[in-house]
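Enquirer: Those protein sequences? They're chains H and G, same order as listed.
Taking my numbering, the leading residue of the first sequence gets 1, the next gets one more, and so forth.
Taking my numbering, the leading residue of the second sequence gets 105, the next gets one more, and so forth.
Listed next, with one range per pair, are the computed distances between beta-carbon atoms: (1) G:PRO258 x H:TYR5: 26 to 36 angstroms; (2) G:GLU146 x H:SER2: 44 to 54 angstroms; (3) G:ASP322 x H:GLU28: 50 to 60 angstroms; (4) H:ALA72 x G:GLU302: 19 to 29 angstroms; (5) H:ALA92 x G:PRO258: 20 to 30 angstroms; (6) G:MET166 x H:GLU21: 17 to 27 angstroms; (7) H:GLU86 x G:ASP186: 25 to 35 angstroms; (8) H:SER2 x G:LYS149: 46 to 56 angstroms; (9) H:GLY88 x G:GLU302: 25 to 35 angstroms; (10) H:GLU39 x G:MET169: 21 to 31 angstroms; (11) G:MET169 x H:ASP16: 14 to 24 angstroms; (12) H:ALA92 x G:THR355: 36 to 46 angstroms.
So, partial list: chain G residues that the calculated Cβ filter (under 8 angstroms) puts toward chain H: (13) HIS160; (14) ASP186; (15) TRP189; (16) PRO292; (17) THR294; (18) PRO295; (19) GLN334.
Residues of chain G clear of chain H, computed beta-carbon distances all greater than 12 angstroms: (20) ALA264; (21) ASN315; (22) LYS353.
Keep in mind that the hints were calculated from the coordinates and are not lab data.
In this text, a Cβ means the ideal position worked out from N, Cα and C, and glycines have one as well.
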Amino acid sequence: MSLYYTQKLLYQLNRDQSLQEKFFADKESVLTDYELNEEEHAAIVTPDIGLLYILGVNGQILMHFAAMCGYAWPEYIQSMRDALDEHGNVKAGLYVTTDGKGAT
Amino acid sequence: MSLVFAGICSHAPGITGRIHMADKDDARTLQSAMNEMRENLERAKPDALIVIAAEHFANFFMDNMPSYCMGMAGHYNGPIEDPQWLGIERTRIPGVPELSRRIITSIMQDIDLAYAEEWKFDHGIMVPLHHLTPRYDLPIIPANINCQGPPLTPLHRAYAFGQALGRACAEIPERIAIVGTGGISHWPATPDSGKINEAWDRDFLERWCDNDRDALLDYSDEQVYLDAGQGGFEIRNFIAVAGAAENSKGTVHYYRPIPIFAVGCTAATMAIA
Ligand SMILES: [Fe+2]
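Required output: the full structure, derived from the provided sequences and hints.
Expert: This is the structure we're talking about:
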């Protein structure tokens with residue numbers, strides 16, 4: 001199950017400033033250390049925050065990667081809503097949404 | 105008897121990070137509730153503060169996930185998040201290794217507890233400290249209950265962890281304060297962020313104030329997930345505080361759903377019996 005490694009990479013990026021710098025300078029050189037499938041690999045490189053959400057990345061890990069990639073809070077929430085429209089529900093993990101509409 | 109303060113409060117990162125997006129009255133009333141909690145804490149004159157916070161993959165990951173862990177480092181650093189994102193500057197927080205070690209050793213009589221001599225604080229601890237010890241001058245002992253990566257510890261073990269903590273505090277001369285952080289119902293970091301189940305929260309707080317063990321443990325994770333979201337799993341922290349102050353009753357000083365902060369913001373304390 002490579003969702004584990006997708007989350008592990010993002011967890012380590014969140015914790016480690018020097019890994020972050022290495023990643024944003026040369027993503028492929030960092031990604032070789034993680035067992036990812038093609039879809040996960042592409043979603044991380046793009047980055048496609050909405051797709052990472054659909055693949056099941058825990059929100060507590062993903063929200064920091066989104067911020068790291070320059071997403072403001074409303075953009076981050078919107079990217080997940082758009083991904084729900086595009087891909088259907090979250091495929092794995094704890095962050096399967098209920099109705100995707102939040103408080104609004 | 106050296107448990108001198110026991111309380112619970114919210115720790116959502118939006119409380120500090122998105123304060124500029126909040127309604128002024130919401131921000132002001134929450135701030136004054138937290139000020140009041142800080143004054144109560146200071147009046148108790150604690151030697152150290154144990155913060156029971158479900159962290160969010162700052163230190164612990166699914167490669168080796170402890171159900172319960174406490175820190176015994178000389179100092180801690182936080183926040184691990186981007187300071188601008190969280191609205192809290194990076195700082196060094198004092199620890200208290202020898203006292204931490206004594207408490208941890210005592211708890212181990214009842215609970216198989218992990219320990220850590222290194223710990224980066226995330227919003228679960230930093231948001232409460234930002235309000236409760238804004239000068240970072242009170243030694244902190246962090247405690248973590250895994251509420252993020254299932255399988256999760258059962259609620260009755262969270263209560264038992266609290267009881268062991270309360271007993272450990274009773275055995276030592278130091279004056280110890282405990283604050284549990286998190287919850288209550290919320291769907292953080294999802295498209296449902298901002299959804300809050302106020303009725304569920306108020307019912308939980310009633311059970312917490314009554315310190316009714318049976319009622320507090322009468323939840324299944326499946327039902328919590330449906331009624332209170334992933335964030336609802338953090339009731340473990342509040343239940344542990346109830347266990348630590350098991351003969352005490354509580355009072356809710358503040359509860360208000362604030363969607364931009366993604367939680368029903370809460371401040372409550374136990375009157376230590
Ligand atoms: Fe949390």
